[in-house]
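S.K.: The chain contents come next:
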Amino acid sequence: MICPARITGRRTETAGIYTFSMRLVDNAVRRAYSFRAGQFNMLYAFGVGEVPISIVSDPGDPEHLEHTIRIAGRVTGVMAGWKVGDVVGVRGPYGNGWPVEEARGRDVVIITGGLGCAPVVGLINYIFRRRDQYGELHILHGVRTPNDLLYRERFDEWRRAPRTRVYLTADQPDKSWRYKIGVVTELFDELTVPPSSIVMMCGPEVMMRFAAHALRQKGIGDDAIHLSLERRMECAVGLCGHCQYREHFVCKSGPVFSYRTVRELFGLSGI
Amino acid sequence: MSEALHMPQPALEDLIAMLWREGFKVLGPVARDGAVGFDEVRKVSDLAVAMRDTQEPGRYRLGQGAAGEIFGVVNGAFSLKPFFFAPEETLLEAKRERRGFKVSEVAPVAPPLAFIGVRACDLAALAVQDRIFLHDRFHDTHYQARRKDAFLVAVNCARSAPTCFCVSMKTGPEATTGFDLSLTELEQGFVTRSGSAAGEAIAAKLGLSAAGQNEVVSAKARIDGCAAGMQRGLDPTDLPRLLYAEAENPRWKDAASRCLSCTNCTMVCPTCFCHAVVDQEELDGNMSRRVRKWDSCFSLEHAHIHGINFRPKIENRYRQWLTHKLAAWIDQFGTSGCVGCGRCITWCPVGIDLTAEVAAIRAHPVKR
Amino acid sequence: MKPRAAVFKFASCDGCQLQFLNAEDELLKLAGQVDFVYFPEARSRALEGPYDIAFVEGSITTPDDARRIIKVREESHYLATIGACATAGGIQALRNWADVEQYRRVTYPSPEFISTLSTSTPISEHVRVDCEVWGCPVDQHQLLAVVRSLLSKARPVLPAYSVCMDCKRRGNVCVVVARGAPCLGPVTRTGCGALCPAFNRGCYGCFGPADDQNMESFARLLASQGVTGDDAVRRLRGINGYVRPWRETADAIAADKK
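Residue numbers (the numbering used here), protein chains in the order written: chain E, 2 to 272; chain X, -10 to 357; chain R, -8 to 249.
Please note: incorrect hints may appear among the correct ones.
Stated by the list, open to error - Listed next, the in silico BS3-like pairs over lysine-lysine satisfying Cα-Cα at most 25 Å (straight line):
(1) X/K137 / E/K84
(2) X/K282 / X/K302
(3) X/K159 / X/K209
(4) R/K20 / R/K248
(5) R/K20 / R/K0
(6) X/K84 / E/K84
(7) R/K0 / X/K91
(8) R/K20 / X/K84
(9) E/K84 / R/K144
(10) X/K84 / R/K0
(11) E/K84 / R/K248
(12) X/K14 / X/K209
(13) X/K137 / X/K194
(14) R/K144 / X/K32
(15) R/K(-7) / X/K84
(16) E/K253 / X/K282
Stated by the list, open to error - Sample of chain R residues at the chain X side, in silico, Cβ under 8 Å:
(17) R119
(18) V138
(19) D203
Note that these hints are calculated values from the structure, not bench results.
C-beta atoms are modelled at their ideal positions from N, C-alpha and C, and glycine is treated no differently.
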């Protein structure tokens, strides 16, 4: 059921990307609400429609919800106009989320590519809030041009944190670019991690395919590589069929899959 | 299954009347616009009596059948699907309030339905849809509301259409489960069995006597004859492995050169469950309805998200449909998505035959 | 403040703009939401631009119209074409395959007073179009859905899949399969609710091509039904005959015949 939620905060990340804080209006609903890291909500713009958006706030404080929305289509176009005080709709949480329990005590490699990968920012924040529970943290991020690098200050902040390394690369750098040049897999030369590490990634499928190949070379098993997939979703409960990914519903068995589960499909186009 | 009973033809009239009296809306195969479809029946003569269908890929005609034969037509374009999984229905209503809005569920209109003349393939398909809509982590209240009280009278097939292949899919021609009553039509009346407590109760009220041994033998012979004479087949051996491995078989392109991507196969398929969820706002902006409509993986929009289409080509979509139906479905739901009713073959305007496509892929694999 | 809307007419029959007035139950709501400041068919008041929303009916067939549409575009923040004429060139685009000069001489006693272009072209060939509402005429629900979307600050999106999907949702028996009737449904954009097949007739293609269609296969289907040569060309060169996939297929069939 769609639950009304009031917008309590609006932050512009960059042109066309906004983070909204919201609070479920109904007290009972809000108190009963809980989620896991990496799950998503269906956000509803009255009369216009719903879209799946991952929750980037911390599951330790489930009464406070944050969603980062990239303005891309008809529904998100309307969401761009959401203001503090507006009442919007929330239905969720859905999906399986990141394997944060499985990752406990291990070195964690996080790989993203493309424009601002919100699910991963939520994950990184999650780990930082429980920093002593995790080993070394490696954050790899590839962009096309330096302009595509969102959250620049946050990367700098993470870079300064103990037991954390940040690796950045741009495919088409400009003069200001101080980091690596090339696609994300270029970063793997510098990455030294034990085979017991766990990997979580999010981004274009082709990027994740190359990354998975490179990680295998480092002795990391397909079971330890997790990736978040994106598909059209209309119901989010495994009934409408739009997110069908061979035998999986991405909304229900995903959006996070182990590479072992999807590796056969990854080289194919039009799946 | 219970013991075989003899049902004289006039008792079918009684059965229809009794079901109406019990509060059901009774539907059966009725001839309309050149095909049969489930429609309201008050008496036996409302059914497509003394008619037969001829079917082939892309072609369906209704013609004269054997005199007095009540269930001579194998099937039509529509299965039971539209009656339980509605082609279009409102799920929710959201109303604007002074601060925000309020959402309420719209209860489905669900009079109890009784169906006379359901074929084994369609019963099997209903079980497949039950698995999806009722027996999963999330279940569908609208489907459930219509499904729970349905009374199903099956008819065992004494003849098949050339497009039928239920024998390969192990779903027919005899209905063995999922019905309340089953009928096998003979020259004189029917052999009937009950398949549920509700069916047994109705049979008792009809006051039927036990069927004679020769009737039972004759009924079995008809069903066996139908099975033996079935012209079409689909080898189900190891289908998931075959179709997964053959994702890049050139046959997909070949099929796509014929496929119109018109969605007809998925619309007539008794198990296809894809649906669009659409919000329709009133013009004054004070109310919005959430509507569910049948959708199809053959539409371009189906796999589209902001600037990316995951299945832009018809060959992607044909492969998606067939691979899901015959292979991924098994891994996903523990059963094939195909029951062998043959509708996707008959009602494809260009007559694409999935059994032929699978056979071609099996005969010429690119991977071994 | 209510958005200022205008309805402009070019070469057309007025049937599409009439869909606004036919809205009956919705008409009061519509008037409550939108201020039609320029709508000659509905009211005598005609205010100057700029307009928030312009609905353009009709195709471009005269030098004067070709100039006027540019002014309409300049005055309009959002421009939606309504109907087959504005969106595809309309039935009058048949002239695109004919000798207009000859028509002029034969039809009019004083042809020198007639100033006309040799083609009928869709609005999108002249100016940028923000939204295309297909149909002959347009479907009233689609028209009002576009209005509602704009009021909700959402980009209007209309379904572009084939008529077959709505035909089956409606429970029609397929006229191609059950009667062998030629029907453009499989390659036509939905919008009418599969009206003709519901009355046992093949689809005429009033809503133009669906977003994805396999015209080679469709032409073979027509041929298998005995619809070939001029007959096939005429079916495709109907109300939306000048739209690319149908135009090219009809042209290919016509060329094949020669």
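S.K.: Now tell me, hint by hint, if it's right for this structure.
M.R.: Hints, verified against the model:
| no. | hint | in the structure |
| --- | --- | --- |
| 1 | X/K137 / E/K84 | violated (45 Å) |
| 2 | X/K282 / X/K302 | holds (23 Å) |
| 3 | X/K159 / X/K209 | holds (17 Å) |
| 4 | R/K20 / R/K248 | violated (53 Å) |
| 5 | R/K20 / R/K0 | holds (24 Å) |
| 6 | X/K84 / E/K84 | holds (20 Å) |
| 7 | R/K0 / X/K91 | violated (41 Å) |
| 8 | R/K20 / X/K84 | holds (16 Å) |
| 9 | E/K84 / R/K144 | holds (14 Å) |
| 10 | X/K84 / R/K0 | violated (37 Å) |
| 11 | E/K84 / R/K248 | violated (63 Å) |
| 12 | X/K14 / X/K209 | violated (31 Å) |
| 13 | X/K137 / X/K194 | holds (22 Å) |
| 14 | R/K144 / X/K32 | violated (55 Å) |
| 15 | R/K(-7) / X/K84 | holds (21 Å) |
| 16 | E/K253 / X/K282 | holds (21 Å) |
| 17 | R119 | violated (20 Å) |
| 18 | V138 | holds (7 Å) |
| 19 | D203 | holds (4 Å) |
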